[in-house]
Amino acid sequence: MQPRKVLAVDDSKLMLKAYEVMLRPIPMVQASNGVEALETLARDPDIDLVLLDINMPLMNGFEVLEHLSSHGMLGKLTVIVVTTEGEDEAVRRGMEAGAAAYLTKPFHADQILGVISGLKRGGSA
Amino acid sequence: MKDRRDVATAPRPEPGRGGVDIVDQLRTTLERAGELLHMLETSLHRAKQPGGGPSGSEAAGSPEARLGRAEAHARELATQLVASERQAARLMNLYVAAHQLHASLKPDEVRATVGEIAVDLLGARKLVVLERGEGVLITLRRGLPAGAGPFGGATYSGGVADVDAALADGKLRLGQGSAPRPAAVIPLLVDGRVTGALVVLELLEHKGVLGPDDRDLLELLSHDAAAALLAARTLSARSGTAG
Chain W
1 MQPRKVLAVD DSKLMLKAYE VMLRPIPMVQ ASNGVEALET LARDPDIDLV LLDINMPLMN
61 GFEVLEHLSS HGMLGKLTVI VVTTEGEDEA VRRGMEAGAA AYLTKPFHAD QILGVISGLK
121 RGGSA
Chain R
126 MKDRRDVATA PRPEPGRGGV DIVDQLRTTL ERAGELLHML ETSLHRAKQP GGGPSGSEAA
186 GSPEARLGRA EAHARELATQ LVASERQAAR LMNLYVAAHQ LHASLKPDEV RATVGEIAVD
246 LLGARKLVVL ERGEGVLITL RRGLPAGAGP FGGATYSGGV ADVDAALADG KLRLGQGSAP
306 RPAAVIPLLV DGRVTGALVV LELLEHKGVL GPDDRDLLEL LSHDAAAALL AARTLSARSG
366 TAG
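Those protein sequences? They're chains W and R, same order as listed.
Taking the numbering used here, the leading residue of the first sequence gets 1, the next gets one more, and so forth.
Taking the numbering used here, the leading residue of the second sequence gets 126, the next gets one more, and so forth.
Chain R extracted, bound-state conformation:
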């Protein structure tokens, strides 16, 4: 099957530390971006100085050669700066997703956040959240009506191959999003146990396909969303509230 990729999702070493790790990564990336910016400014400043430029053996050569080296250095730093900014932007999305997933202990609010992450950060157009309970419950539905089809009722009783497989083996499945194959089936995993799945049935047209940039977000959904949902459901059951 050429148009699909099955990817195992590795368990996290320290579940629940996702948000802290992301903040640490974000801080490091922003510090690195700051350093690169400073180096870039210094390099450009030196290149403009008549007596400036590299010291030692690099100082040798014509002014044109030194200027060429400085410009090449500046280009390399600019490229690294762009990459750092992109990394920081990606980490910001992960931080926001992790923060919001753990901002509430009400099951319906956590489910709403899962839906918002899927739509606003991943580019989902149609999705359902499945949670194991007494059977496989459909606990959130966005972009598709209740009623017909395998995801139209209160429970999912099987029949979509990718979903059935992901619920069985806990592996992420990415497809092309053309019915009946979902764009992504993201298993919800807690301690290696499959507690449900986020099924992205279609992506927004301008989103196209899920790419490498989405991989961390998919993993965050798989682990952090699952943990947040389980915690909220457990607390809700203990306190006797619905949802």
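Chain W with its partners taken away, still in its complex shape:
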């Protein structure tokens, strides 16, 4: 897919900077926790791709996914979970909750760009 606008959600300032550098020139907005992410999604209809961390304060990534799913928002949004959680159980939970892809940290730019380009808009690979 070729995203219109990306929402990067991570409580790590380093990761937010990394997304900014790796995905340039795709338009991007950022959030540092799940609550901010949902607020941003509510006011910006151009966002069509979400890069979502799992371990965050206030509201974690799984909770964000469950909220998006229960409000019927995953049809028009593509969510990639990007996290240090690499256990099978975490991957299964993320994919079952509606993520289109699951990428474990650490990674390089070519890997995330490859995942994005292999996705269909609003769905899976």
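Hints should not be assumed to be uniformly reliable.
To be verified - So the derived list for chain W, only partly shown, Cβ under 10 Å to chain R, looks like this:
{"#": "1", "residue": "L14"}
{"#": "2", "residue": "M15"}
{"#": "3", "residue": "S69"}
{"#": "4", "residue": "T84"}
{"#": "5", "residue": "E87"}
{"#": "6", "residue": "E89"}
{"#": "7", "residue": "H108"}
{"#": "8", "residue": "A109"}
No wet-lab data here; the hints were simulated from the structure.
The C-beta atom is built at its ideal place from N, Cα and C for all residues, glycine as well.
Please build the complex by placing chain R on the supplied structure of chain W, with the hints as guidance.
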């Protein structure tokens, strides 16, 4: 000891220029990737043209032979392009790490960045940052609780062989990460002086081990993180702020 490697970290010629050098390298690599892509496209275009292909003596031979040469050329360029993209991706991580290390002059924020680099870019699961002050202070702890063990208190008083050795000689030590041996002990060096260490006690399971791709990041942590921490601590002490 077969399962470990002790590696000396060479001092940088111009401390503090790390970020600028990385940007220069990144720009050069991206330009090279662009050139390779252009050559690849040109080569494929020529191969498709009935009258195209190499000129001069290379033009000799059957169309099949010329097509074979063009395809081999295209494969070689594609391989170089992949290598260039990988190099650019690696340099992006280094650039981001260097940028964030020098984005703040508050000691706690610099320490948090060191932790984020170790977790998000290196794949650390458990780590501590040690800084020399009055004794060896434990200034950051991630993934392990305060309390028990050599890294459970406010100070480190010795007892982990790799850490003691790195604090003494300033050499990087890589192990297997199975307790009690850390996965990596990265000395923090300023002008050849050991100011502390980043101790990666365990890596994320899916990370496995630190490899050659991690070497530049380890060196950046050793030098740039040390300089950033020292600058922040010095400024903090002068301005009388805590941290």
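Results of checking the hints against the structure:
1. Using the Cβ-Cβ criterion of 10 Å, the hint placing W/L14 at the interface with chain R is satisfied: the shortest such distance is roughly 4 Å.
2. A hinted interface residue such as W/M15 counts as satisfied when its beta carbon comes closer than 10 Å to some beta carbon of chain R; here the least separation is about 5 Å, so the hint holds.
3. For W/S69, the suggested interface contact is broken, since its CB lies about 26 Å from the closest CB of chain R, more than 10 Å.
4. With a least beta-carbon distance of about 6 Å to chain R, the hint placing W/T84 at the interface is held under the 10 Å criterion.
5. For W/E87, the interface hint holds, since its Cβ comes within 10 Å of a Cβ in chain R; the closest pair sits about 7 Å apart.
6. Hint status for W/E89 relative to chain R: violated, with the closest Cβ pair at about 12 Å, above 10 Å.
7. Satisfaction of the interface hint for W/H108 is found here, the shortest Cβ-Cβ separation to chain R being roughly 4 Å, below the 10 Å cut-off.
8. A hinted interface residue such as W/A109 counts as satisfied when its beta carbon comes closer than 10 Å to some beta carbon of chain R; here the least separation is about 4 Å, so the hint holds.
Hint violations for this structure: numbers 3 and 6, all remaining hints satisfied.
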